[in-house]
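Colleague: Make a model of the complete structure from these sequences and hints.
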Amino acid sequence: MSNRSASPRRTGAVRSATRRCKGFAPVIDEHVRVLVLGSFPSSTSLAAHQYYGHARNQFWRILGAILGEPLQDLEYGERLRCVLAHRVGIWDVYADCRRSGSLDSQIHAPRPNDLGLLAQLAPGLRAVACNGQAAGRVRRSVLELGYACEVLPSTSPAHAARRIEDKLAVWQAFFRVWC
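Just so you know, the sequence shown maps onto residues 9 to 187 in this note's numbering.
Hint data in this document are derived by calculation from the structure and do not stem from the laboratory.
Take every hint as true, because none was put in to throw you off.
Taking lysine to aspartate or glutamate pairs in the EDC-like style, the calculated list, with each CA pair at most 16 Å apart, reads:
| hint | residue 1 | residue 2 |
| --- | --- | --- |
| 1 | K30 | D122 |
| 2 | K30 | D104 |
| 3 | K175 | E158 |
The following label-pair restraints were derived from C-beta to C-beta distances:
| hint | residue 1 | residue 2 | range |
| --- | --- | --- | --- |
| 4 | G154 | A55 | 31 to 41 Å |
| 5 | A168 | A56 | 16 to 26 Å |
| 6 | R171 | Q128 | 32 to 42 Å |
| 7 | R170 | E38 | 32 to 42 Å |
| 8 | Q128 | R64 | 28 to 38 Å |
| 9 | A168 | Q128 | 30 to 40 Å |
| 10 | V178 | R145 | 10 to 20 Å |
| 11 | E173 | G124 | 31 to 41 Å |
| 12 | S108 | A181 | 28 to 38 Å |
| 13 | G154 | H39 | 13 to 23 Å |
| 14 | A177 | G132 | 21 to 31 Å |
For clarity, every value in this text was computed on a predicted model and none was experimentally measured.
A virtual CB, placed ideally from N, CA and C, is assigned to each residue, including glycine.
Modeller: Shown next, in the form of structure tokens:
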């Protein structure tokens with residue numbers, strides 16, 4: 009038997025090991041001026057039913073430092089209310105996908121969220137911050153919709169090699185301009 013005939017079976021095994029995962033609704037309202045766009049929630053976040061639900065994800069610490077709020081210490085619902093009060097929204101590039109694990113590299117057959125809805129959901133939206141390179145793949149589409157867009161360093165624990173202080177400086181520079 010050749011390696012060629014064995015290959016499709018291995019591919020099928022990988023596909024069957026993945027499951028279709030559904031993302032979250034956007035955290036957005038008509039007052040949002042800046043949208044943070046991630047790729048897709050981690051398996052930990054999906055299990056917790058929370059954006060950036062992994063304890064080692066630096067998102068809430070970074071955004072809290074920018075907004076001057078102790079977001080990481082608040083209950084999840086209060087975090088979301090606080091973020092919206094600062095005119096910041098949260099959403100993901102993908103509505104659903106197949107994935108085994110939490111890494112962006114494990115995302116297969118993604119179905120994108122309709123970013124064209126942003127004009128209706130947040131008529132005052134001015135800028136989009138892509139949280140990491142995977143989310144940043146939609147930068148051109150976001151620019152074509154008429155919004156400013158920057159790809160910021162990922163807050164994911166998978167990107168922990170870069171110091172949080174360095175990430176925070178880049179995120180702060182973006183928010184100083186747009187918030």
